[in-house]
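Taking the hints into account, I'd like the entire structure generated from these sequences.
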Amino acid sequence: MEHDIGLWAIPIAILGGAIRVSTPFLFVSLGEVLTERSGRINLGLEGTLVFGAMAGYATAVVTGSAWAGVIVAALSGSLFGLLHGLICSLPKVNDIAIGIAMMLFGTGLAFYFGKPFIQPVAPDLPAIPLGFWSDLPQLRAALEVNVLFLIGIVLALGMAWMFRATRVGLIIRVVGDSTDAARAMGLRPALIRTLATATGGAFAGVGGAYLSLYYPGSWNEGISSGQGLMAVALVIFARWNPIACFGAALLFGGAGALGPALQSVGVTQGYYLFYAAPYVLTLGVLIAISSPNRAMTGAPGELSITK
Amino acid sequence: MTVIGEEPFPRGALEVQTVGMTMRFGAFTALDDVSITVGAGSFHALLGENGAGKSTLVKCMMGFYHATAGQMMLGRREVKIHDPRDAHRLGLGMVYQHFTLVPSLTAAENLVISRHDTPAMIDWAREKKALDAFMSAMPFRVPLDQPVARLAAGEKQKLEILKQLYLGRRFLILDEPTSVLTPDEADEVLGHVRGLCEKGEISVLMITHKFREVTAFADEVSVLRRGRLVGQGRVGGLSHAEMAAMMIGASAARAPLPREGAPGSAILSVSGAKARDRSGLKEIDIESLTVRAGEIVGIAGISGNGQMELMEILTGQRPLIAGEVEVEGKIYHATRPEALTLAVRYLPEEPLRNACAGRMSVAENIAFRSFDVNGVGRRFWLDGRGMRDKAGSLVEAFKVKTASLDTPIAALSGGNVQRAVLARELTGDVRLLVISNPCFGLDFAAVAEIRSRIVAARNAGAAVLLMSEDLDEVMELSDRILVMSEGRIAYETPAATADLATIGHHMGGHA
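Just so you know, the sequences run in chain order A and B. First residue of the first sequence: 4, per this note's numbering; consecutive thereafter. First residue of the second sequence: 585, per this note's numbering; consecutive thereafter.
It should be emphasised that the hints constitute simulated quantities derived from the structure, not laboratory data. Hints may contain errors.
[Unchecked claim] Covered by chain B, according to a simulated footprint, are these stretches of chain A (three or more residues, beta-carbon under 8 angstroms):
1. 175-183
2. 186-197
[As the list claims (entries may be wrong)] Here are the in silico distance ranges between beta carbons for each label pair:
3. B:Glu934 x A:Gly189: 28 to 38 angstroms
4. B:Pro731 x A:Leu93: 25 to 35 angstroms
5. B:Arg953 x A:Asn223: 55 to 65 angstroms
6. A:Phe135 x B:Pro727: 43 to 53 angstroms
7. B:Phe952 x A:Asn223: 48 to 58 angstroms
8. A:Gly250 x B:Leu751: 34 to 44 angstroms
9. B:Arg734 x A:Trp164: 17 to 27 angstroms
10. B:His700 x A:Leu153: 37 to 47 angstroms
11. A:Gly250 x B:Arg734: 22 to 32 angstroms
12. A:Lys95 x B:Gln901: 26 to 36 angstroms
13. B:Arg734 x A:Gly229: 31 to 41 angstroms
14. B:Phe952 x A:Lys95: 40 to 50 angstroms
15. A:Gly189 x B:Lys914: 50 to 60 angstroms
16. B:Asp956 x A:Leu93: 13 to 23 angstroms
Every residue, glycine too, gets a C-beta built ideally from N, C-alpha and C.
Printed below as a string of structure tokens:
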């Protein structure tokens, strides 16, 4: 072996994994932050993610353009969000129940339309080799950064700015924190929540396109393995803060890369246990931040799970 | 919006008049030919019991309701107000009883977003400068960069008023603005409002039921009863007794029942009890608290100073970190068997949420204490007829107004839910009664009745612990008064020698 770097391979592989695996987490959780800050919870983003993966892949196969796939994934995601938002605007409708229904609907629809696209190969999304300065192939591989990852960072920063310094951002926070105050200001909470859910859905759709068009980079029915649901937990972990979402997504991504990293340095026993790391982390996070006695700080006041 | 007359309104405070304002909902007349005048720069108080038509009147003025008959005059010109937006455009504003600020936004964000011309991108440096300039012209200020949730109630109320001025309102309706404030905070806020009136910036119409505030701050007063204007005049010429007589009319309030007997042995004793508060950041710390048989111990305090948590400790809803609660010398964990054998009963605040199952029927809710007891032992099958019979007689005895015994209890009005829970809790042997805000939001008659029942329980030998945000209530009912502030018991005095000002100071944590 020319480049035997021993145990250093593990942190490098985790770094690379964190960057590669975190992008869908990032997009879905940003979408969920937007939705939840407006006072609704959309559990259906898992379905949106899977459908986005399928729609993006299919479009890329048909048109030969990966970016066309991303756009179609975003559009289909926003349609799912719109549907969720409109249904939840009806009286006496529970957003969590609708979210679960939308999750099953989205995955079912994706499997139905996705059957013919399991075989064909679609073009990949471009990546930027940020590791060009290094001689280590492991580091180069790890720093192969996809454009969507960078867009995700910009999106997180943009959302943080939006919540702080734009009218739209303040209005979303008002609606999410107090329906009464929003009504008193002459705002229409249901409309704003629906639009926020639709936009959040578009983000989740883009996350799906990343899955099928870059990493792992193919369309199959097990492509998401619950990442959409984990992203919802991640939003709570990140306290509804877009920038914290980025950190949390990296953490979850790194946890997801633990298993493959151990395998790559030759750990042959028990490494598959580490494949469960993201799920264990999800449980651990939810237990760690739960408390029977204290209200959650930072939670939007109108959220049905925190009311 | 129709404004007859060409010239714009003069700057500064507006004169507002209602002429023959009448509002009917079907056959029910909520407001009957009410004419009041609030002069430019005057501070006008609107008195009345719950349901007297005060809210209806101001809702008609603000355009929430369209009056069946009658007119609004602004600066002696007739105006038509179709909706609250019209009212806002004309310079009319309202401060509600409950805060309409958004809790997680900072004060500055709340002010800027409440404007109707908020720019799409907010230049915070410029906005801050403009806000500072605005604030420096005001007689009082609030911290602008704190989330509203972290402001004290008095600060929030000041911010509500500042918001109205920031939005350029020149006539303000204040709906019970001091109901959540300490006496000191109330005096400060109303003093500032009065100052603004005297400077000719605003005219104010304040809904209230506190005579003290009327005499201290208002120029004029109007009294409503059952939708009619029953009295009006300069404040200087009216005594509290005269105002009260106008408000409640011929049927005067029942005096509280005479007290009998002396306190007996200690029933409830709390020692060294510590628990986390709602936010998890602060601690509740009750060093020692004793309630003896045949006495009412009243706990006064501003909401959010740990009363709710103390109630939860006593009802077993909140775990203790240290210390203990004893009832008749036995450690008490507030389990159902313990409550049953020791005859401990509760009337928590918001009984619909804390002491009822909203969708279950009135009869079932009344049976919560007894549905599984059969003489001395437990029963397995419910005794449906027995439950109904008992509920029926209690509903009658406590005058609970309900369509039927099978009505879901959530469909009852607040006072009737309160009566139903009280009926359940006061039936049978009661040795310890723990009560929190028993009369919140109830009308005069219901208040008098519930208070007399509490005193009757005390006279029958029960130990009563009463937590209330209504200082008058604590003063009226208690044998001994404690003040709770920041999770601790800050002050104790026998009711006979209690001094309102001293209690107020301890409530505000200024002692």
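Hint check:
1. With 5 residues carrying a beta carbon less than 8 angstroms from a beta carbon of chain B, the segment 175-183 of chain A meets the three-residue requirement, and the given coverage holds.
2. For the segment 186-197 of chain A, the stated coverage by chain B is satisfied: 3 residues place a CB nearer than 8 angstroms to a CB of that chain, which reaches the threshold of 3.
3. Between Glu934 (chain B) and Gly189 (chain A) the CB atoms are about 30 angstroms apart, so this pair conforms to the stated range of 28 to 38 angstroms.
4. Take Pro731 (chain B) and Leu93 (chain A): their Cβ atoms lie about 32 angstroms apart, and the range 25 to 35 angstroms holds.
5. In this structure the supplied range 55 to 65 angstroms holds for Arg953 (chain B) paired with Asn223 (chain A), their Cβ-Cβ distance being about 60 angstroms.
6. One distance hint, 43 to 53 angstroms for the beta-carbon pair Phe135 (chain A) and Pro727 (chain B), holds here, with the actual separation near 51 angstroms.
7. The hinted window of 48 to 58 angstroms between Phe952 (chain B) and Asn223 (chain A) holds, with their beta carbons roughly 55 angstroms apart.
8. Look at Gly250 (chain A) against Leu751 (chain B): about 39 angstroms separates their beta carbons, and that is inside 34 to 44 angstroms.
9. Against the hinted window of 17 to 27 angstroms, the Cβ-Cβ separation of Arg734 (chain B) and Trp164 (chain A) comes to about 23 angstroms, which satisfies the hint.
10. Under the hint 37 to 47 angstroms, the C-beta atoms of His700 (chain B) and Leu153 (chain A), about 38 angstroms apart, fit the expected range.
11. Range check, Gly250 (chain A) to Arg734 (chain B): Cβ separation about 25 angstroms, and the 22 to 32 angstroms hint holds.
12. The beta-carbon spacing between Lys95 (chain A) and Gln901 (chain B), approximately 29 angstroms, falls within the hinted interval of 26 to 36 angstroms.
13. With their beta carbons about 37 angstroms apart, Arg734 (chain B) and Gly229 (chain A) fall inside the hinted range of 31 to 41 angstroms.
14. Checked against the given bound of 40 to 50 angstroms, the beta carbons of Phe952 (chain B) and Lys95 (chain A), roughly 27 angstroms apart, lie outside it.
15. At roughly 58 angstroms, the beta-carbon separation of Gly189 (chain A) and Lys914 (chain B) lies within the given 50 to 60 angstroms, and the hint holds.
16. Between Asp956 (chain B) and Leu93 (chain A) the C-beta distance comes to about 40 angstroms, which lies outside the given range of 13 to 23 angstroms.
Hint compliance for this structure: hints 14, 16 are broken, all remaining hints hold.
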